[in-house]
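Chemist: Here is what each chain is made of, one letter per residue.
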Amino acid sequence: MTVLRILGANWRLLLSATIAALIIHLWTTLAAVSNSDSPAYTSLVKDLPFNQISYMQPVTPESQQLPFMMPDIRYAVCRFDVAKQDVRLKAELPGPGWSLSLHSPNGENFLYVPGTEDRKINIDFTLRAPGSVFEAKDIRQLSASQQAPALDLKYTKGVAIYRAPVGALALRRETDEKLNSLKCFPVRRGRQLG
Amino acid sequence: MLGKANAMASRINIPTGLQQLRRKLQSGLRLITKVSVFLFIALFGGTASSWYAVEYGMPFNTETQGPWKRWSGAGRTDSDPYTRNRFSAREQLLYNANLSYRFEATSDSKGRLLHSSCDYVIEGRKINAPWWGLAVFDGSGRLIHNAASRHSFNIDTVAYGADGSFAIRLSREARPYNWLPTARAGRLIIVLEAQSERGGTDVLARGNLNLPSIKRIACR
Numbered sequence: 142m143t144v145l146r147i148l149g150a151n152w153r154l155l156l157s158a159t160i161a162a163l164i165i166h167l168w169t170t171l172a173a174v175s176n177s178d179s180p181a182y183t184s185l186v187k188d189l190p191f192n193q194i195s196y197m198q199p200v201t202p203e204s205q206q207l208p209f210m211m212p213d214i215r216y217a218v219c220r221f222d223v224a225k226q227d228v229r230l231k232a233e234l235p236g237p238g239w240s241l242s243l244h245s246p247n248g249e250n251f252l253y254v255p256g257t258e259d260r261k262i263n264i265d266f267t268l269r270a271p272g273s274v275f276e277a278k279d280i281r282q283l284s285a286s287q288q289a290p291a292l293d294l295k296y297t298k299g300v301a302i303y304r305a306p307v308g309a310l311a312l313r314r315e316t317d318e319k320l321n322s323l324k325c326f327p328v329r330r331g332r333q334l335g
Numbered sequence: 014m015l016g017k018a019n020a021m022a023s024r025i026n027i028p029t030g031l032q033q034l035r036r037k038l039q040s041g042l043r044l045i046t047k048v049s050v051f052l053f054i055a056l057f058g059g060t061a062s063s064w065y066a067v068e069y070g071m072p073f074n075t076e077t078q079g080p081w082k083r084w085s086g087a088g089r090t091d092s093d094p095y096t097r098n099r100f101s102a103r104e105q106l107l108y109n110a111n112l113s114y115r116f117e118a119t120s121d122s123k124g125r126l127l128h129s130s131c132d133y134v135i136e137g138r139k140i141n142a143p144w145w146g147l148a149v150f151d152g153s154g155r156l157i158h159n160a161a162s163r164h165s166f167n168i169d170t171v172a173y174g175a176d177g178s179f180a181i182r183l184s185r186e187a188r189p190y191n192w193l194p195t196a197r198a199g200r201l202i203i204v205l206e207a208q209s210e211r212g213g214t215d216v217l218a219r220g221n222l223n224l225p226s227i228k229r230i231a232c233r
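Same order as they appear, the protein sequences are chains A and B. Basically my numbering = 1-based index in the first sequence + 141. Basically my numbering = 1-based index in the second sequence + 13.
In isolation and in its complexed conformation, chain A is listed as follows:
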């Protein structure tokens, strides 16, 4: 009863403090959201060359580049920059667990193509500089018959991550060989360079 009486007597104070708390909550949350590059992206691409494949070390406690990286995945990445030239990306997704994803510098994953059980997926498309907006929410899966020859990106820079699942010991060499199927190279607008 005493508590209720105190609360009742100070309801204006409590209401204004709650409103102030709400404002601080929103300010704290929104202030931390920045449009700058995500720390994970920056850390991942810092030493990588543009528009060519880089193979990452197997994920171990000693070589783990980012937190929570799955150790039973091998990664190949292509840091792309389409400001001056287009970039051609080719990859094979032989089965489940394999995937190709494109990420913007702020960490958004705007394209994700998973491998399927039914058949091997061959990806071959050209990344182009911003022209039209490419919305990830409309993308579910690019099947062989739906392959887009060119993707108009929202960003000039980003990273393509090719993931290969590491299965049984006997298959690890095969996985490494298939990881080489990722190709990433610059093409001059209108014709291919490499």
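There could be a bad hint or two in this list.
As the list claims (entries may be wrong) - If you want a taste of the chain B side facing chain A, the calculated C-beta under 7 Å gives, among others:
| # | residue |
| --- | --- |
| 1 | Leu44 |
| 2 | Lys47 |
| 3 | Ala55 |
| 4 | Ser62 |
| 5 | Gln105 |
| 6 | Leu106 |
| 7 | Ser165 |
Unchecked claim - Okay, the calculated bits of chain A under chain B, using three or more residues with CB under 8 Å as the criterion:
| # | stretch |
| --- | --- |
| 8 | 146-158 |
| 9 | 182-191 |
| 10 | 195-202 |
| 11 | 212-226 |
| 12 | 240-251 |
Note that these hints are calculated values from the structure, not bench results. All C-beta atoms in this analysis are idealised placements derived from N, C-alpha and C, irrespective of residue type, glycine included.
Starting from the structure of chain A, add chain B where the hints point.
Modeler: Structure of chain B alone, referenced to chain A:
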């Protein structure tokens, strides 16, 4: 003389100097208390609630299934500020949550925090996804160093029982079959990634993934 004046003043209700001082002190203290309460609620309440929402998620941006939690906006172009802050602070590069499933467990099936001083068993039936992988990390997302170099299992490397079930033991000491060493890592975080074939729609159509339970066996 002064005593007489005070007595007279109190009779005719004129506050003495001492009473005035006391009243001023009381009203000052009341003001300080009110300002302190206001600042505490505003500053602590505002920042603590923001931290909690970022760290543990809110009902609108997380999905919970037993001990497993999934941030449904992770990696998406339209993700909410809480999800963005969380994964940005953790330096994680994520895959679009609409298309790839990533679950985290920080506690066992009874809600007790996972810790390397305890042994656990992750039990379940075959997970209904074309591919899945499960790994154990320390509280900051680093793999746990161990002589056996065991950090994860996936759909191809886990040993199944005759009935299609599996059990993965988390323990400091070596265990038979599926064993993930936890050494002296302290707090543990288990991550389960499941890939969907049709961008999530297949699993959603079939209902939830049948995720394993996490049972505590014993603690030291």
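Chemist: Enumerate the violated hints, using their earlier numbering and listing them in ascending order.
Modeler: Failing hint: just 1.
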